[in-house]
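> Listed below are the residues making up each chain.
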Amino acid sequence: MINKVVASADEAIQDIQDNAVLMLGGFGLSGIPENGIQALLRKGVKGLTCISNNAGVDNFGIGLMLKTRQVKKMISSYVGENAEFERQLLSGELEVELIPQGTLAERIRAGGAGIPAFFTPAGYGTEVAEGKEVREFNGKMYLMEHWLKADFALVKAWKGDTAGNLIFKGTARNFSPMMAAAGKITIAEVEELVPAGELDPNAIHTPGIYVQRIFQGKDYEKRIEQRTVRQK
Amino acid sequence: MINKVVASADEAIQDIQDNAVLMLGGFGLSGIPENGIQALLRKGVKGLTCISNNAGVDNFGIGLMLKTRQVKKMISSYVGENAEFERQLLSGELEVELIPQGTLAERIRAGGAGIPAFFTPAGYGTEVAEGKEVREFNGKMYLMEHWLKADFALVKAWKGDTAGNLIFKGTARNFSPMMAAAGKITIAEVEELVPAGELDPNAIHTPGIYVQRIFQGKDYEKRIEQRTVRQK
Amino acid sequence: MALDKNQIAQRIAKEVQNGQYINLGIGIPTLVANYIPDELEVVLQSENGLLGIGPFPTEDQIDADLINAGKQTVTMVKGSALFSSAESFAMIRGEHVHLTILGAMEVSENGDIANWKIPGKMVKGMGGAMDLVASAENIIVAMQHCSKDGASKLLPQCELPITGIRCVKKIVTDLAVLEIDPNGGFRLLERAPGVSVEEIKAATAGKLIIEGEVPEMTF
Amino acid sequence: MALDKNQIAQRIAKEVQNGQYINLGIGIPTLVANYIPDELEVVLQSENGLLGIGPFPTEDQIDADLINAGKQTVTMVKGSALFSSAESFAMIRGEHVHLTILGAMEVSENGDIANWKIPGKMVKGMGGAMDLVASAENIIVAMQHCSKDGASKLLPQCELPITGIRCVKKIVTDLAVLEIDPNGGFRLLERAPGVSVEEIKAATAGKLIIEGEVPEMTF
Numbered sequence: 001m002i003n004k005v006v007a008s009a010d011e012a013i014q015d016i017q018d019n020a021v022l023m024l025g026g027f028g029l030s031g032i033p034e035n036g037i038q039a040l041l042r043k044g045v046k047g048l049t050c051i052s053n054n055a056g057v058d059n060f061g062i063g064l065m066l067k068t069r070q071v072k073k074m075i076s077s078y079v080g081e082n083a084e085f086e087r088q089l090l091s092g093e094l095e096v097e098l099i100p101q102g103t104l105a106e107r108i109r110a111g112g113a114g115i116p117a118f119f120t121p122a123g124y125g126t127e128v129a130e131g132k133e134v135r136e137f138n139g140k141m142y143l144m145e146h147w148l149k150a151d152f153a154l155v156k157a158w159k160g161d162t163a164g165n166l167i168f169k170g171t172a173r174n175f176s177p178m179m180a181a182a183g184k185i186t187i188a189e190v191e192e193l194v195p196a197g198e199l200d201p202n203a204i205h206t207p208g209i210y211v212q213r214i215f216q217g218k219d220y221e222k223r224i225e226q227r228t229v230r231q232k
Numbered sequence: 233m234i235n236k237v238v239a240s241a242d243e244a245i246q247d248i249q250d251n252a253v254l255m256l257g258g259f260g261l262s263g264i265p266e267n268g269i270q271a272l273l274r275k276g277v278k279g280l281t282c283i284s285n286n287a288g289v290d291n292f293g294i295g296l297m298l299k300t301r302q303v304k305k306m307i308s309s310y311v312g313e314n315a316e317f318e319r320q321l322l323s324g325e326l327e328v329e330l331i332p333q334g335t336l337a338e339r340i341r342a343g344g345a346g347i348p349a350f351f352t353p354a355g356y357g358t359e360v361a362e363g364k365e366v367r368e369f370n371g372k373m374y375l376m377e378h379w380l381k382a383d384f385a386l387v388k389a390w391k392g393d394t395a396g397n398l399i400f401k402g403t404a405r406n407f408s409p410m411m412a413a414a415g416k417i418t419i420a421e422v423e424e425l426v427p428a429g430e431l432d433p434n435a436i437h438t439p440g441i442y443v444q445r446i447f448q449g450k451d452y453e454k455r456i457e458q459r460t461v462r463q464k
Numbered sequence: 465m466a467l468d469k470n471q472i473a474q475r476i477a478k479e480v481q482n483g484q485y486i487n488l489g490i491g492i493p494t495l496v497a498n499y500i501p502d503e504l505e506v507v508l509q510s511e512n513g514l515l516g517i518g519p520f521p522t523e524d525q526i527d528a529d530l531i532n533a534g535k536q537t538v539t540m541v542k543g544s545a546l547f548s549s550a551e552s553f554a555m556i557r558g559e560h561v562h563l564t565i566l567g568a569m570e571v572s573e574n575g576d577i578a579n580w581k582i583p584g585k586m587v588k589g590m591g592g593a594m595d596l597v598a599s600a601e602n603i604i605v606a607m608q609h610c611s612k613d614g615a616s617k618l619l620p621q622c623e624l625p626i627t628g629i630r631c632v633k634k635i636v637t638d639l640a641v642l643e644i645d646p647n648g649g650f651r652l653l654e655r656a657p658g659v660s661v662e663e664i665k666a667a668t669a670g671k672l673i674i675e676g677e678v679p680e681m682t683f
Numbered sequence: 684m685a686l687d688k689n690q691i692a693q694r695i696a697k698e699v700q701n702g703q704y705i706n707l708g709i710g711i712p713t714l715v716a717n718y719i720p721d722e723l724e725v726v727l728q729s730e731n732g733l734l735g736i737g738p739f740p741t742e743d744q745i746d747a748d749l750i751n752a753g754k755q756t757v758t759m760v761k762g763s764a765l766f767s768s769a770e771s772f773a774m775i776r777g778e779h780v781h782l783t784i785l786g787a788m789e790v791s792e793n794g795d796i797a798n799w800k801i802p803g804k805m806v807k808g809m810g811g812a813m814d815l816v817a818s819a820e821n822i823i824v825a826m827q828h829c830s831k832d833g834a835s836k837l838l839p840q841c842e843l844p845i846t847g848i849r850c851v852k853k854i855v856t857d858l859a860v861l862e863i864d865p866n867g868g869f870r871l872l873e874r875a876p877g878v879s880v881e882e883i884k885a886a887t888a889g890k891l892i893i894e895g896e897v898p899e900m901t902f
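Residue numbers (the numbering used here), protein chains in the order written: chain A, 1 to 232; chain B, 233 to 464; chain C, 465 to 683; chain D, 684 to 902.
Excised from the complex, chain A in its bound form (with noise of 0.2 angstroms):
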């Protein structure tokens, strides 16, 4: 088996150049590659176009990375957390391409899976059609939408193996399974990692095959945005 492990977050992420486009995992604050957000912190490297459901909020996750300028473009379905994201928008400092969220994950499958365009509805008759094909299929209207890829994919997964297999956990999958397939260089971040052969061939969610560099995470806050709970 082809050995994937890297020794830190900032080793994976040393060839990350300003301007690369980047997906980042994650649904709200929920499995997002915190590691992998800290090491572009201290690294600074800048102009990024980063490619994630959501922005973080002011104080974590990619709205940490707003705060310091390093994002030039966010491509998202979801941005509505986040009082800077808004400030750096409305002020034209930040591009914003909002995208519908179903269109959004299978854009991102497509690029992984090697399908340069697809149809859906969402969107037909909005302003999000503006300037994009529309067919009808079945008496029904459809856009054409287009993959997306990305120079580096950044996810962060429960376990991992040393080639690279990932299981995530919960509702922490989202988009990382997609993301994973549509990075060129992808780099996983997992909580547990393990040697080859310790996961179940069976339950893996992310084959090694589209990782390139695996490393321990280390210090995960997994901050909770909307605390709900009943009594016992």
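Treat the hints with caution; some may be incorrect.
[What the hints assert, rightly or not] Here are the computed lysine-lysine pairs in the BS3-like style, where the Cα-Cα straight-line distance is at most 27 angstroms:
| id | chain 1 | residue 1 | chain 2 | residue 2 |
| --- | --- | --- | --- | --- |
| 1 | A | Lys222 | C | Lys542 |
| 2 | A | Lys159 | C | Lys542 |
| 3 | B | Lys364 | D | Lys761 |
| 4 | C | Lys469 | C | Lys633 |
| 5 | A | Lys232 | A | Lys218 |
| 6 | C | Lys542 | A | Lys232 |
| 7 | D | Lys761 | B | Lys454 |
| 8 | C | Lys542 | A | Lys169 |
| 9 | A | Lys218 | D | Lys761 |
| 10 | B | Lys391 | C | Lys633 |
| 11 | B | Lys454 | D | Lys852 |
| 12 | D | Lys761 | A | Lys169 |
| 13 | A | Lys149 | C | Lys588 |
| 14 | B | Lys364 | D | Lys807 |
| 15 | D | Lys807 | B | Lys305 |
| 16 | B | Lys305 | D | Lys800 |
| 17 | B | Lys416 | A | Lys149 |
| 18 | B | Lys416 | C | Lys634 |
| 19 | D | Lys807 | D | Lys697 |
| 20 | C | Lys585 | A | Lys72 |
| 21 | D | Lys890 | D | Lys831 |
| 22 | D | Lys804 | B | Lys364 |
| 23 | D | Lys800 | B | Lys299 |
| 24 | A | Lys159 | B | Lys401 |
| 25 | C | Lys581 | A | Lys140 |
| 26 | A | Lys159 | D | Lys884 |
| 27 | B | Lys401 | C | Lys542 |
| 28 | A | Lys73 | C | Lys588 |
| 29 | A | Lys132 | C | Lys581 |
| 30 | B | Lys416 | B | Lys391 |
These aren't lab readings, by the way, just hints derived from the structure by calculation. Being a predicted model, the structure only gives us computed values, none of them experimental.
On the provided structure of chain A, position chains B, C and D as indicated by the hints.
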């Protein structure tokens, strides 16, 4: 949770009528719905269109339904293990549509995922491309391919629960997860049927939403086509 | 008297049918789950990758890796399944989810819905709403009949950027239950208890269709 | 002397590079696995849903639910992963598989390949071959230089229905190693031990490019 359990294969397939379009899971004889096929033989339903990667062998799997002339048309990628098949094909008794295996898998996935068409490079420049829309993306040529759906999908899983969640085993998974999603009515037979809550939600291959009926299968033969062994 | 949020949710819960897979949007729609009768077997889908949403967790059950689409901590029920966002929207786009309940800023009399953007003021993004409204076979909107400044949200046509066209089937507001007529118009089905047809007329800018006696809601 | 099947496989194994993900077709390509040096870290992909094909099983390891694309019983290695056919061809179509080795009935001098159909005689289907040749960055063909009746299988253009166009990079036959020249033609790289350039010329119907001394193969 919605309970999807039916008592038997015969009950599960009772409303499959002549001329129905069926999808049947399996690669070669691995993972085929043995109980469902036996029930179709008993019911004697005719004029079927069968979408399945292979057509079984002479005396097992879909091959049995070819012998009884229940199949009007096969949509497959590889059918080279079946003399009766070849005879019916050359005599014109059987219609056959051959599709590249990856295109077949993706067309079925598209059917389940609400994507009416997509582009793939497979088959460009070959007779598979005849009559199809061709388009260039980033300097490479692609064919437009359409979704495939079925009136009924018959799949066989290793474990399933009463809510219709499925886990497959080994390479017996193959086409079944996509077919489960692409069937209007999906019938799952399982080696082991357990109450909802006993399967790990994180290890499920086919979420129960795609399965309308599930039953405990029996008497699995699991015939092996190429028994290759090495000495200890 | 106009309904409160919980009463709107309670009235919508009556629309739920046995055996349905349901996606509940953020806000009032999330509250619907509290009113679905126990005898109905239904499954709640969360578009971030969960079928079978359970109640909020107790303190000791909280798991940062298990949230709903509103980023709230949740639990799973027996028979839940977890999956990726691509699989989740395959379910939605492929019309496997039977019922979508979501909020709106505006609904037009032909069933258009606007709920994602106020130009120059608010840019949160559409999230999964555009996918949901483009594909669900039944879409019910939960909202206030009028905005805070008293302007009707049931319009001849939407003024805000729309989320989807000709997709809304039914609307439950604090004042009324209405359905979109296939030929255009809000057909008034039920009044909130104590709310008159005249009050609803006054609060509806789009074409209101009234036929015969309009009964009061029951819960 | 012309190579036997195992020698063809052995020579192809020299093309394998460290770190590659490789898809091996049915027949001679399957034999290549036996000759990949142990010191290379490579992973074999089977398009029916397995990364990390191991050796054939011993009698007591046989599992009907674990086969390769040739329907042969196989085992897994440490670090294997299982997946669906859609995921498998996502890997292939998405160019994550670096090297595809497959058999052919005919190869043309511009790199077209035919290997799935003989009109009126044989209809087995293309299986995954059309997907593989449309997407792999490196495609090596393993085949006999001539058919059983002595006709060359290296042609100016394919006569049988083709599987893919301009895709083959290299060909290893019982007589020679050749690569497809970007401008068309079979560039002769190596001769089988004891086989002369003249013999290869005589067995090649398409344009053969010979430059300087052509060395004998080493294994």
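> Each hint should be assessed against the structure and marked as holding or not.
Okay, the hints, checked on the actual structure:
In summary, the hint linking lysine 222 of chain A to lysine 542 of chain C is supported, as the alpha carbons are separated by about 25 angstroms, within the 27 angstroms threshold. Under the criterion of a C-alpha separation no larger than 27 angstroms, the hint pairing lysine 159 of chain A with lysine 542 of chain C is consistent with the structure, at around 24 angstroms. The straight-line distance between the Cα atoms of lysine 364 of chain B and lysine 761 of chain D is roughly 43 angstroms, outside the 27 angstroms bound, and the hint therefore fails. Proximity of lysine 469 of chain C to lysine 633 of chain C is assessed by CA-CA distance (about 20 angstroms); at most 27 angstroms being required, the pair is judged to hold.
Annotation: proposed proximity of lysine 232 of chain A to lysine 218 of chain A is violated, straight-line Cα distance about 32 angstroms (limit 27 angstroms). Only pairs whose Cα atoms come within 27 angstroms are accepted, and lysine 542 of chain C paired with lysine 232 of chain A is accepted, the gap being roughly 18 angstroms. A C-alpha spacing of about 25 angstroms is found between lysine 761 of chain D and lysine 454 of chain B, which places the hinted pair at or below 27 angstroms, so the restraint holds. A hinted pair counts as satisfied when its Cα atoms are at most 27 angstroms apart, and lysine 542 of chain C with lysine 169 of chain A qualifies at roughly 17 angstroms.
For the hint pairing lysine 218 of chain A with lysine 761 of chain D, the CA-to-CA distance comes to about 26 angstroms; that is within 27 angstroms, so the pair holds. The hinted pair formed by lysine 391 of chain B and lysine 633 of chain C fails the criterion: a straight-line CA distance of about 38 angstroms is larger than 27 angstroms. In summary, the hint linking lysine 454 of chain B to lysine 852 of chain D is not supported, as the alpha carbons are separated by about 39 angstroms, beyond the 27 angstroms threshold. A C-alpha spacing of about 22 angstroms is found between lysine 761 of chain D and lysine 169 of chain A, which places the hinted pair at or below 27 angstroms, so the restraint holds.
A hinted pair counts as satisfied when its Cα atoms are at most 27 angstroms apart, and lysine 149 of chain A with lysine 588 of chain C qualifies at roughly 24 angstroms. Between the alpha carbons of lysine 364 of chain B and lysine 807 of chain D the distance comes to roughly 22 angstroms, so the proposed pair stays at or under 27 angstroms and holds. Among the hinted pairs, lysine 807 of chain D with lysine 305 of chain B is consistent with the structure: their alpha-carbon atoms are about 15 angstroms apart, no more than 27 angstroms. With a CA separation close to 19 angstroms, the supplied pair lysine 305 of chain B and lysine 800 of chain D stays within the 27 angstroms bound.
About 33 angstroms separates the Cα atoms of lysine 416 of chain B and lysine 149 of chain A, which puts this hinted pair outside 27 angstroms; it is violated. Restraint check for lysine 416 of chain B and lysine 634 of chain C: satisfied, since their Cα atoms lie roughly 26 angstroms apart, inside the 27 angstroms limit. A threshold of 27 angstroms between alpha carbons decides the hint, and for lysine 807 of chain D with lysine 697 of chain D the separation of about 31 angstroms lies outside it, so the pair is violated. A C-alpha spacing of about 21 angstroms is found between lysine 585 of chain C and lysine 72 of chain A, which places the hinted pair at or below 27 angstroms, so the restraint holds.
A threshold of 27 angstroms between alpha carbons decides the hint, and for lysine 890 of chain D with lysine 831 of chain D the separation of about 21 angstroms falls inside it, so the pair holds. Under the criterion of a C-alpha separation no larger than 27 angstroms, the hint pairing lysine 804 of chain D with lysine 364 of chain B is consistent with the structure, at around 26 angstroms. Taken as a hint, the lysine 800 of chain D and lysine 299 of chain B pair is honoured in the structure, with Cα atoms around 24 angstroms apart against an allowance of 27 angstroms. For the suggested pair lysine 159 of chain A and lysine 401 of chain B, the alpha carbons sit about 21 angstroms apart, so the restraint of at most 27 angstroms is met.
Pair hint lysine 581 of chain C plus lysine 140 of chain A holds up; C-alpha atoms about 25 angstroms apart against a cutoff of 27 angstroms. Of the supplied pair hints, the one linking lysine 159 of chain A and lysine 884 of chain D is violated, its CA atoms being roughly 56 angstroms apart against a limit of 27 angstroms. A hinted pair counts as satisfied when its Cα atoms are at most 27 angstroms apart, and lysine 401 of chain B with lysine 542 of chain C qualifies at roughly 22 angstroms. Under the criterion of a C-alpha separation no larger than 27 angstroms, the hint pairing lysine 73 of chain A with lysine 588 of chain C is consistent with the structure, at around 15 angstroms.
Restraint check for lysine 132 of chain A and lysine 581 of chain C: satisfied, since their Cα atoms lie roughly 20 angstroms apart, inside the 27 angstroms limit. Restraint check for lysine 416 of chain B and lysine 391 of chain B: the C-alpha separation of about 22 angstroms stays at or below 27 angstroms, so the hint holds.
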